[in-house]
Amino acid sequence: MAIVFEQEKKQINWIKLLFVLFIVGFVIFAAYFLFFAPSPQLDVVLPEPLEQAERIGSVSSIKPNDVLGLPAFRALQVFVGPPSIGTLGRDNPFQPL
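In terms of my numbering, the sequence shown opens at residue 214 and continues consecutively.
Please keep in mind that the hints were generated in silico from the structure rather than gathered at the bench. On a predicted model such as this, the values are computed, not experimentally measured, just so you know. Glycine included, C-beta positions come from ideal geometry on N, C-alpha and C. Keep in mind that a hint or two might mislead.
Stated by the list, open to error - Pair by pair, the computed Cβ-Cβ distance ranges are: (1) A215 - Y245: 37 to 45 Å; (2) A243 - L281: 28 to 36 Å; (3) A266 - V291: 51 to 59 Å; (4) L281 - F249: 28 to 36 Å; (5) F242 - L263: 30 to 38 Å; (6) G270 - P306: 44 to 52 Å; (7) K223 - F248: 56 to 64 Å; (8) L247 - Q224: 55 to 63 Å; (9) R303 - G282: 43 to 51 Å; (10) L263 - V240: 47 to 55 Å; (11) F248 - G282: 56 to 64 Å; (12) F292 - E264: 29 to 37 Å.
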């Protein structure tokens with residue numbers, strides 16, 4: 214007479230299975246939205262400083278005499294003098310402090 218041992222059936226670990234399915238679903242979802250989903254159309258509205266910069270950039274020629282003759286340019290004042298040359302280090306850089 215042969216002795217027959219019944220093998221235990223392996224229990225399915227539902228938490229691991231759900232976790233793996235969640236990760237696979239998330240990767241598929243992310244790949245779709247990164248690579249295949251149509252991108253929304255955005256209206257480009259430039260702020261005011263950029264519009265002014267665009268107008269300034271479209272100027273073809275500027276005459277320096279016209280700019281120097283403006284009253285606003287003549288009203289400018291120099292508040293800081295030219296930089297002076299200070300000491301440029303020690304006489305002997307290898308001398309200890």
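Hint-by-hint comparison with the structure:
no. : hint                    : verdict
1   : A215 - Y245: 37 to 45 Å : 56 Å, violated
2   : A243 - L281: 28 to 36 Å : 60 Å, violated
3   : A266 - V291: 51 to 59 Å : 26 Å, violated
4   : L281 - F249: 28 to 36 Å : 59 Å, violated
5   : F242 - L263: 30 to 38 Å : 36 Å, holds
6   : G270 - P306: 44 to 52 Å : 48 Å, holds
7   : K223 - F248: 56 to 64 Å : 38 Å, violated
8   : L247 - Q224: 55 to 63 Å : 37 Å, violated
9   : R303 - G282: 43 to 51 Å : 50 Å, holds
10  : L263 - V240: 47 to 55 Å : 39 Å, violated
11  : F248 - G282: 56 to 64 Å : 59 Å, holds
12  : F292 - E264: 29 to 37 Å : 31 Å, holds
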